[in-house]
Each structure stands twice: as C-alpha cells, then as structure tokens.
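Take the sequence shown: its letters are residues 1 to 392, numbered as in our numbering.
Just so you know, not all the hints are guaranteed correct.
[Claimed, not checked] In silico lysine-lysine, BS3-like type, Cα no more than 25 Å apart, as pairs:
1. Lys-186 <-> Lys-129
2. Lys-337 <-> Lys-71
3. Lys-186 <-> Lys-200
4. Lys-186 <-> Lys-142
5. Lys-129 <-> Lys-142
To be clear, the hints were calculated from the coordinates, so they are not data collected in a lab.
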Amino acid sequence: MSNTIKKIALSGRTIVLIGTAHISRESVAEVSAIIGQEKPGRVCIELDSTRMQSLTQGSHWENLDIGKVLKEGKGFFLLANLALSGFQKRMGSGIGAKPGEEMLAAVKAAEEAGIPWSCCDRDVQVTLKRAWARSNFWNKSKLMASLVSSAFSNEKLTEAEIEQLKDRNELEQMMNELADYLPSVKEVLIDERDRYLASKIFEAKEELVVAVVGAGHMAGIERWLQKLDSGEIDGDVSSIDIVPPPSRLAKSAGWIVPAIIVALIAVGFLRSGTEASLSLMLRWILLNGSLAAIGSALCLAHPGTIAVSFLMAPIATLNPFVGIGLFAGVAEAYLRKPTVQDFERLSDDVMSVKGFYRNKVTHILLVFFLSSIGGMIGNFISLPFLAFGAIR
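Using the sequences plus the hints, can you model the full thing?
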C-alpha cells in the first residue's frame with residue numbers, strides 16, 4: 001500500500017486516509033482509484049463549504065466591493081487569500097494541476113458511485129483569523145512577509161518535487177521548520193485542524209469511510225482518531241471553531257503609541273515651551289507622513305493617494321480605530337476604480353508581480369498594505385527622535 005494511504009481500524013469500523021499534495025496530478029488519479037476500489041459508505045474531504053463553493057462555482061470576484069472590504073478591516077485577510085491562491089496556482093501551472101483538483105475528483109467519484117460525501121474542514125476565515133489573533137506583532141510581520149514574498153516569487157516545482165511533498169520525512173522537516181519560524185501559526189493551521197478534521201471524520205458513522213486530506217495532516221489525524229475511539233477525548237471542537245476576542249492588552253495596545261507621542265510632545269512643551277513642542281510635532285508629522293507616502297509611492301499609487309497618505313498618517317496614528325492603510329486604500333479605489341476586466345483577470349493576475357501591480361484590485365490592496373507598513377515604520381523611527389528632543 002502507498003505511504004500516502006493509511007487504513008485505521010477503529011471500534012467496528014475502518015477509516016482510510018488518503019494523503020494528497022493539493023497540486024498533484026498523481027493525487028487526483030489516486031483518489032478516484034481508491035474510492036472506486038474501497039466503495040466506502042462515505043467520503044470526507046479536507047474542504048470547508050466556502051472553499052468548496054469557490055472551487056465549484058468560482059469566487060465571484062465581480063461582486064467584491066473593495067472599499068467595503070477595507071472599511072471592515074478585512075484587507076489583510078483578502079491579500080493573504082489572494083497571495084496563497086496565486087502561489088498554489090503558480091506551483092501547479094507547470095504540471096497542469098489546479099489547487100484542490102483532487103478534492104473535486106473525490107466528490108465526483110463519490111457522486112458517480114452514489115456515495116454520500118462531507119466537507120470536514122474548519123471555515124477558512126476562522127482559521128486565518130485565529131492564526132492572526134494568536135500571533136504577536138513580530139510573527140504577524142513574518143507571516144505577511146512570507147505571504148507577500150510567495151506571491152512575488154517566480155519559483156515553480158516539478159512534478160517529481162511535488163510528489164516528494166507527500167514523503168513523511170519531507171513533511172516532518174517542513175513542519176519542524178514552520179514550528180520554528182511561526183509556532184502559533186503552525187498550531188492553528190496544522191495542529192488545530194488535525195483535531196478538527198479528525199473529529200468531523202469520526203462523526204461519520206458508516207463502517208467504511210474514505211477521507212481525502214493533505215498529506216501533512218495524516219499523522220496528526222491518525223493520533224486524534226485513536227484518542228477519540230478510545231474515549232480519551234470527546235469530539236467537541238467548539239473551542240477551536242471560534243475567533244477568540246482580543247485580550248485587554250491587545251485592546252489597549254492601539255493606544256500605547258499615540259499616548260507616548262502625545263506625552264513626549266507634552267514633555268517638550270513643559271520643558272522648553274510652545275516652540276519646542278511645535279518643532280517636535282512637525283518632526284513627527286514629517287517622519288510619519290513621509291514614510292506612509294513612500295509606502296504608497298512604492299506601489300506606484302495615484303499622486304492623490306500619495307498626498308492622502310502623507311496628510312492622513314498622523315491622524316490615523318492618533319486614532320487606533322482606523323489605520324493609514326484604510327485612507328490610502330479607499331483613496332486609490334476612488335481615484336482608480338477597478339473595472340470588470342480587473343475582476344475577470346484577478347485569478348490570473350495574482351500569479352505574478354506584474355499582475356499584482358497591473359490589476360487595480362490587487363494594486364489597491366498593495367497600497368493598503370505598504371502604506372500601513374510605512375506608517376508603522378515612521379512611528380517607530382520618530383519615537384526616539386521625539387524622546388531625544390523632549391528631554392534635551
């Protein structure tokens with residue numbers, strides 16, 4: 001039996017795990033063949049209903065209101081989704097495989113054989129939001145840097161290299177690297193989903209169940225299934241199926257930088273008078289506004305957007321409920337409105353750097369992201385200057 005197929009004997013029933021690479025033509029063929037051979041009572045797939053709908057019906061980008069996305073604070077999540085989508089699609093483009101094609105093959109094989117099937121994964125938005133919430137500022141920065149670099153990478157894997165991704169040793173090495181680099185993200189993306197997938201697969205009461213999952217989840221799912229079968233744990237996953245509310249520290253963190261800036265300017269006023277405090281304020285405005293504007297300029301934003309970035313960055317800094325990225329992104333969306341063609345080309349344009357800049361939808365997201373980064377850098381750089389000016 002292939003090392004990507006694992007038969008797990010539980011109390012009175014059997015679960016067959018098929019480990020796949022999500023852009024592997026071999027996985028597509030293997031899934032169809034195993035379902036045909038085993039003739040299970042149910043097929044479970046590593047998808048949630050949202051991703052399943054996207055695979056079968058398309059993403060309906062034409063209905064996307066980019067301004068609304070930014071105002072609702074979902075800009076980072078949309079950028080992350082598009083970057084991941086572009087990365088996976090580019091990886092599979094050289095071998096003719098589409099991301100998730102093996103899951104669709106499993107559904108097709110099940111339906112043709114009259115076998116019921118189930119989506120068993122956690123909602124992708126819950127997963128992304130939990131990963132974001134569990135990460136500190138440094139890890140969030142590393143996560144976004146990884147996503148953006150993957151979107152701008154020209155790397156392509158050969159079919160042989162993709163098949164190696166299903167090898168246990170390769171998988172363990174990648175998991176260890178992810179755990180070292182982003183431990184909280186690995187816990188949410190891998191460990192929690194191992195438990196969630198195992199619980200949903202275990203809920204299937206049929207005597208023989210085939211579960212199609214990414215190869216990286218196989219070992220974890222097997223461990224959780226054994227624990228569920230022995231009664232060591234129950235199948236309640238409600239605690240990992242919600243987005244945790246921000247802690248008091250996280251809620252107050254947005255006020256820390258504005259409070260420090262105001263305090264330093266006030267100290268400058270008390271020690272040296274009005275002229276000194278105005279000089280400190282001007283220094284901070286120039287640093288903060290200039291770097292936010294540079295962030296927008298790096299995206300080749302509209303001159304009006306660059307001006308908005310400069311003028312609104314100090315205001316956004318003092319109000320933790322809105323960020324400079326919101327002002328810059330909305331301004332770019334107003335000055336360079338996306339067209340129908342931009343939405344139609346979106347899934348192809350996310351595969352290249354040129355496409356990210358050319359497409360007005362992704363261009364707006366880049367403006368939102370880089371102006372935010374510029375504003376944050378400006379604040380951190382300005383703090384020591386303000387402190388030195390206030391106490392000298």
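Hint by hint, here is what the structure shows:
no.	hint	verdict
1	Lys-186 <-> Lys-129	holds (13 Å)
2	Lys-337 <-> Lys-71	holds (16 Å)
3	Lys-186 <-> Lys-200	holds (20 Å)
4	Lys-186 <-> Lys-142	holds (13 Å)
5	Lys-129 <-> Lys-142	holds (16 Å)
Going through the hint list in order, the structure satisfies each hint without exception.
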